[in-house]
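J.: In this text, residue positions in the sequence shown follow this note's numbering: the first is 1, and each later residue adds one.
Just so you know, the hints here were simulated from the structure itself, not pulled from any lab data. For clarity, every value in this text was computed on a predicted model and none was experimentally measured. Certain hints may be false.
Unchecked claim - 25 Å max Cα-Cα, derived SDA-like pairs, lysine to any residue:
1) 94 x 146
2) 94 x 66
3) 127 x 165
4) 127 x 103
5) 149 x 39
6) 149 x 130
7) 149 x 133
Unchecked claim - Pair by pair, the computed Cβ-Cβ distance ranges are:
8) 133 x 24: 26 to 36 Å
9) 25 x 63: 52 to 62 Å
10) 149 x 11: 50 to 60 Å
11) 138 x 31: 41 to 51 Å
12) 63 x 93: 21 to 31 Å
13) 123 x 42: 28 to 38 Å
14) 171 x 133: 23 to 33 Å
15) 181 x 31: 35 to 45 Å
16) 23 x 183: 46 to 56 Å
Just so you know, even glycine gets a beta-carbon here, dropped at the ideal spot from N, CA and C.
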Amino acid sequence: MLTEALLFACGVLVGAALIWPLLSKAKRENVELDEEKQLIEQEKKSVDNFMHNLVTAIGEGVERGELFRRIAHTAVQSTGAMSACVYERVEHGKLRGAAVEGLFPPQRRQIRLDDESTSTRARFLEKILRSEILESGEGVVGEVARTGKPVIIQDAVNDPRVPRHADPALAVRSIIFSPMQFNDQLIGVLVVVNPA
1 MLTEALLFAC GVLVGAALIW PLLSKAKREN VELDEEKQLI EQEKKSVDNF
51 MHNLVTAIGE GVERGELFRR IAHTAVQSTG AMSACVYERV EHGKLRGAAV
101 EGLFPPQRRQ IRLDDESTST RARFLEKILR SEILESGEGV VGEVARTGKP
151 VIIQDAVNDP RVPRHADPAL AVRSIIFSPM QFNDQLIGVL VVVNPA
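Based on the sequences and whatever the hints tell you, model everything.
T.: As structure tokens, then:
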């Protein structure tokens, strides 16, 4: 009888020892799924806010430049990004910076900002971006314009396609390039830098 009780107790302990790691793994996976669900909900809310702001602007009948400014502003707000820029498609398929929000790093030049105020630096960068014309196919912006397909670079620090600037204020950790189309016609490319 005592032997049977000891064997039963050992069996219970061995069974518990085998089941415990499985239960722990299932619990960890459940926590990870909950975190993913929360992230998806946040992303959904960001997209909803972005679309609401965009539809509101269109409904108000704003002119194209103001619409681009609102798109850049809303992209920064809804993603928690450092900055955003809308490149507008102009004649011969070229792209010109049409609207900027935040300290947006130019996609071609390597520049160094002086220790000026942030608003002055932002205006300086906006001036550079508005004067800069990118060819279709030039850089990632031009690639997105040419192909009509978005590009997400999660590790921009190690990606040779992302221009580097000496100024740490222009450091890019991640970047999203998204084509802006209407009736299958490309109207521009939205670029969002360092989204949260």
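J.: Hint by hint, say whether it matches the structure.
T.: Evaluated hints:
1. Note on residue 94 and residue 146: the hinted pairing holds, with a Cα-Cα distance of about 10 Å set against a maximum of 25 Å.
2. In summary, the hint linking residue 94 to residue 66 is supported, as the alpha carbons are separated by about 20 Å, within the 25 Å threshold.
3. For a cut-off of 25 Å, the pair hint linking residue 127 to residue 165 stands: about 17 Å separates their Cα positions.
4. A threshold of 25 Å between alpha carbons decides the hint, and for residue 127 with residue 103 the separation of about 12 Å falls inside it, so the pair holds.
5. Note on residue 149 and residue 39: the hinted pairing holds, with a Cα-Cα distance of about 24 Å set against a maximum of 25 Å.
6. Taking the CA atoms of residue 149 and residue 130, the gap is near 23 Å; set against the 25 Å cutoff, the hint holds.
7. For the given pair, residue 149 sits about 20 Å from residue 133 by alpha-carbon distance, which is consistent with the 25 Å threshold.
8. Under the hint 26 to 36 Å, the C-beta atoms of residue 133 and residue 24, about 58 Å apart, miss the expected range.
9. Evaluation of the 52 to 62 Å hint for residue 25 and residue 63 yields a pass: the beta carbon distance comes to about 57 Å.
10. The hinted range of 50 to 60 Å is satisfied by residue 149 and residue 11, whose Cβ atoms lie roughly 59 Å apart.
11. In this structure, residue 138 and residue 31 meet the distance hint of 41 to 51 Å, their C-beta atoms being roughly 45 Å apart.
12. Take residue 63 and residue 93: their Cβ atoms lie about 23 Å apart, and the range 21 to 31 Å holds.
13. At roughly 32 Å, the beta-carbon separation of residue 123 and residue 42 lies within the given 28 to 38 Å, and the hint holds.
14. For the pair residue 171 and residue 133, the supplied restraint of 23 to 33 Å holds, since their beta-carbon distance comes to about 25 Å.
15. Judged by the Cβ atoms, the range 35 to 45 Å given for residue 181 and residue 31 holds: they are separated by roughly 39 Å.
16. Separation of residue 23 from residue 183 is about 55 Å and conforms to the stated range, judged on CB atoms against 46 to 56 Å.
When each numbered hint is compared with the structure, a violation occurs for hint 8 only.
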